[in-house]
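Chains A and B, in that order, are what the protein sequence lines are.
All letters in the first sequence, in the order written, are residues 1 to 251 by the UniProt record's numbering.
All letters in the second sequence, in the order written, are residues 1 to 251 by the UniProt record's numbering.
Incorrect hints may have been included.
[To be verified] Each computed DSS-like pair below joins lysine-lysine, with the alpha-carbon atoms no more than 25 Å apart:
1. A:K183 x B:K178
2. A:K51 x A:K65
3. A:K243 x B:K140
[What the hints assert, rightly or not] Below, a sample of chain B positions facing chain A; criterion: calculated Cβ distance under 8 Å:
4. I49
5. L50
6. D113
7. Y115
8. E177
9. S251
Just so you know, the hints here were simulated from the structure itself, not pulled from any lab data.
None of the values given here were measured: they were computed from a predicted structure.
Here a beta-carbon is modelled for each residue, glycine too, at the ideal position from N, C-alpha and C.
Number of protein chains: 2
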Amino acid sequence: MELFTVDDLPLIKEGDNIAAMICERTQPESHDVIVIASTIVAKSEAATILKDAIIPSERAVAMAKKCGTDPALVQVVLDNSVEQIVEFPVLLVENLNGHVSINAGIDDSNVDDRYFLHMPHDPDGSAKSIGLHIAELCGKDVSVIITDTNGRAFKIGQTGVAVGVYGVHPIKDWRGEKDLFGKVLEITEEAVADEIASAANLLMGEAAGSTPVVIVRGLNLYSSDDVSVKEMYRREGEDIIRKGLKCLRHS
Amino acid sequence: MELFTVDDLPLIKEGDNIAAMICERTQPESHDVIVIASTIVAKSEAATILKDAIIPSERAVAMAKKCGTDPALVQVVLDNSVEQIVEFPVLLVENLNGHVSINAGIDDSNVDDRYFLHMPHDPDGSAKSIGLHIAELCGKDVSVIITDTNGRAFKIGQTGVAVGVYGVHPIKDWRGEKDLFGKVLEITEEAVADEIASAANLLMGEAAGSTPVVIVRGLNLYSSDDVSVKEMYRREGEDIIRKGLKCLRHS
Chain A
1 MELFTVDDLP LIKEGDNIAA MICERTQPES HDVIVIASTI VAKSEAATIL
51 KDAIIPSERA VAMAKKCGTD PALVQVVLDN SVEQIVEFPV LLVENLNGHV
101 SINAGIDDSN VDDRYFLHMP HDPDGSAKSI GLHIAELCGK DVSVIITDTN
151 GRAFKIGQTG VAVGVYGVHP IKDWRGEKDL FGKVLEITEE AVADEIASAA
201 NLLMGEAAGS TPVVIVRGLN LYSSDDVSVK EMYRREGEDI IRKGLKCLRH
251 S
Chain B
1 MELFTVDDLP LIKEGDNIAA MICERTQPES HDVIVIASTI VAKSEAATIL
51 KDAIIPSERA VAMAKKCGTD PALVQVVLDN SVEQIVEFPV LLVENLNGHV
101 SINAGIDDSN VDDRYFLHMP HDPDGSAKSI GLHIAELCGK DVSVIITDTN
151 GRAFKIGQTG VAVGVYGVHP IKDWRGEKDL FGKVLEITEE AVADEIASAA
201 NLLMGEAAGS TPVVIVRGLN LYSSDDVSVK EMYRREGEDI IRKGLKCLRH
251 S
């Protein structure tokens, strides 16, 4: 398996055609996974909010005061989430697409000071659109994973995660296969989309020299099914950690 | 960045010299990361427990009954954990090294039916020992990451994670670096050891054809400092998810 960056991409702006920019700079092969940072997808889709236009609600002001953060940011997070799972000391929410993260992935880094950048409106749809466009331009069936970075339970530090997928199921199911001693594996479902996102994130970087597109070659995971990142979101009633956080909230 | 498996390793047994087996089959380069599944490290260290020799306590029997699992397994998990964070519907514990996982990583797969396999006693120490031995045999300074697979909060599926490290800090600190617009990054710490483990896990597999050693080449992360996987374990008082699970337990 080989991973390499797509270099010399310009700063992405509204209306930019990411698929074309990738095909101009590299030659994808069949079943490559094209990993793209959500930031540039959001920028190409103009998923920005002018800070000056935000009027924070009383609730946003109160929440921001408690966390020592910006009321305008809190308002945007509230507008982009279906549930606030933790409100203090961080704002952990489920966003409009079911993804749980701090601040709904609203970003203040790598974007012009006057704006917040929110997540792409339909990340699976964006991945599909870019994937189909690459197929059209290059004649190759590729997978596309749109990524962000997220924290984890019990541990410091963030890893790359998938927030939108095309051409690859986010979960690989090993159940029913046999181990070295012939015993049937019972519970192993592998989160391949997140593992690919983590691998690519090793080459992406966070700072000014960041490279927002990484190609993963040599994995044989391409699927022509309709796929969705939602395949890996745990249903609320089955989520012990979510239950715990709710308990804390009501205690 | 390139990842490849070390092929044709035999089934590992007590006393096997993993470093020598790797050097016989491949030629590591300086600053390669050698990723090794904890299972084979545990087997080489005879980290096994004979099932017939286990006498489950009353508490283990009661806990096993509640979860519909094996009292002997629960007893081994209790013996190998410092805290039981969740007892139902799964047994989520902090193991003797500070790592939080289901069943303390005690494994029933890929091991002879008569035994449970537990985690290596000192995974950082095992990583260091293998790394130093590879340096001695091949004349190259390599990093070593010992891995397991773990579930995640809010999502279905497991990913590769680091449980022992040598020659690479598990967290890369981006704080203080500047973004594309010159703003200083405030909170980004990247869990590189877990990202490397995830990347390698894409090639390892879970079933009979699994390959427990993967080499990652082309990352420039080698460190000669003393490193420990504990650098990434969150301190208990700072861990909101742990607080939530405790709340649930006492509710």
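Hints, one by one, checked against the model:
no.	hint	in the structure
1	A:K183 x B:K178	violated, 51 Å
2	A:K51 x A:K65	holds, 18 Å
3	A:K243 x B:K140	violated, 49 Å
4	I49	violated, 16 Å
5	L50	violated, 16 Å
6	D113	holds, 7 Å
7	Y115	violated, 10 Å
8	E177	holds, 4 Å
9	S251	holds, 5 Å
When held up to the earlier numbered hints, the structure conflicts with 1, 3, 4, 5, 7 and fits the remainder.
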